[in-house]
Amino acid sequence: MYPYDISEDPPLALLRVQVTDPASGRQVSLPGKLDTGSGISILPEKTATKLGLQAEAEVWVAGYDGAPALLPAYFVAVTLAGHTVTKLKVTASPRAQMLLGRDVLRHFVATFDGKQQVFDLVDP
Amino acid sequence: MGEASVHLTLKRAAQELGVHEQTLRAWEKRGLIRMVRLPGSRYRRVPVEEVERLKREMTSTQAGPAVHSGAPAQDAKVTETVQAELADNERFGEGEYRPNTRVITVREPSAVYGVPLDEAVLAQGPVVLEREGRPVAALIAADEYRVFQGWRRSRSWREEQLAHFQSERVAFQRLLPELLKTHAGQFVAIHDSRMVDADTNEGELAWRVIGRGLKPVYIGEVRSEPRIYDVPSLEVIPDVSL
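Chains as they are written, first to last, in this note's numbering: chain A, 142 to 265; chain B, 183 to 424.
There's no promise every hint is true.
[As the list claims (entries may be wrong)] Footprint (simulated), chain A over chain B, 3 or more residues, beta carbon under 8 Å:
{"no.": "1", "stretch": "337 to 351"}
{"no.": "2", "stretch": "399 to 412"}
[What the hints assert, rightly or not] No more than 27 Å apart at the CA atoms, straight line, and that leaves these computed lysine-lysine pairs for DSSO-like:
{"no.": "3", "chain 1": "A", "residue 1": "Lys187", "chain 2": "B", "residue 2": "Lys397"}
{"no.": "4", "chain 1": "A", "residue 1": "Lys230", "chain 2": "B", "residue 2": "Lys193"}
{"no.": "5", "chain 1": "B", "residue 1": "Lys193", "chain 2": "B", "residue 2": "Lys237"}
Calculated directly from the structure, the hints in this document are not laboratory data. Source: prediction; values computed, not measured. Cβ coordinates follow ideal geometry from the N, Cα and C atoms, glycine included.
When you get a sec, could you build the whole thing from the sequences and use the hints?
Structure representation (structure tokens):
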């Protein structure tokens with residue numbers, strides 16, 4: 142089980158993730174925010190720059206207002222909760238934490254206990 | 183008190199009033215400020231009482247903290263249109279400026295005007311300088327400018343990333359009508375303006391292409407309309423450096 146990050150209000154499910162560029166083997170560790178509402182995972186632009194990623198695809202992403210934006214996309218490996226998701230297409234935006242969308246969560250059994258402010262990610 | 187103690191240099195007077203020296207010279211030409219030339223000197227000086235009078239007039243034109251047009255109150259050529267309520271300004275309704283934008287209309291070369299500003303004024307909203315009905319400049323708070331810089335930096339970075347595979351992207355668009363007949367529903371990898379690989383699994387395709395070291399490469403889904411990913415989580419990141 143992992144504790145919610147209570148420094149934010151309301152508390153959120155946040156855990157450490159490691160992102161790997163398969164081409165160079167470079168890795169970056171950063172906090173990742175679990176987001177069941179997101180259809181694709183999003184890296185901070187800063188992380189993409191650190192990894193030296195170069196776009197290999199593009200995606201249209203619609204935000205809260207429904208307005209789509211064209212963003213670069215990359216293929217990376219993401220390690221979290223002791224498991225690695227490879228061949229993952231992610232995009233990037235100016236943000237501080239990685240957003241872990243349903244494309245990552247589909248590989249896990251995710252349990253959110255908001256009452257106890259804990260969550261779990263298990264790869265069956 | 184001697185003569186020197188009741189007159190200010192042009193530079194000092196400009197500092198006191200928060201305007202440029204050129205502004206004071208322009209005001210003098212228009213008879214809006216009285217200056218004196220000291221005996222034996224060709225330099226102008228500004229009587230302290232003139233500076234105080236202008237300070238009072240510039241302040242009295244506003245209710246509470248606000249932007250001054252920079253010209254004396256009796257200057258009929260300068261009109262300041264202060265817009266606070268949406269209903270008060272039909273231009274807001276047209277979406278020209280955001281609410282709480284203060285509009286200053288100037289009708290003479292902008293060098294004539296000084297605009298004393300501080301953080302409190304700009305915290306109320308941006309200030310737009312207009313000339314002959316056209317916006318010529320906008321002033322925003324430093325924090326807001328940093329956010330803007332962050333946005334602009336991010337946009338440049340994104341454009342650079344997308345430009346990286348522009349030729350392959352163009353090739354994909356050119357090939358798409360044919361690919362829709364042969365590879366509909368699949369993912370294809372474009373390199374050197376031609377399709378080099380295809381797969382129904384995007385990740386597998388990407389891993390193969392990356393393993394071959396093909397750069398630049400564009401991996402696209404063969405479908406008539408692009409897929410749109412939903413990311414509804416609203417998150418405002420004011421300034422994240424790259």
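Status of each hint after checking the structure:
Only when three residues or more bring their CB closer than 8 Å to a CB of chain A does the claim for the stretch 337 to 351 of chain B stand; here the count is 7, and the claim holds. Coverage of a stretch by a chain is defined here by at least three residues with a beta carbon nearer than 8 Å to that chain's beta carbons; for the stretch 399 to 412 of chain B and chain A the count is 9, and the condition holds. At most 27 Å may separate the alpha-carbon atoms for a hinted pair to count; lysine 187 of chain A and lysine 397 of chain B meet this at roughly 22 Å. Note on lysine 230 of chain A and lysine 193 of chain B: the hinted pairing is violated, with a Cα-Cα distance of about 61 Å set against a maximum of 27 Å.
Taking the CA atoms of lysine 193 of chain B and lysine 237 of chain B, the gap is about 15 Å. The hint holds against a cut of 27 Å.
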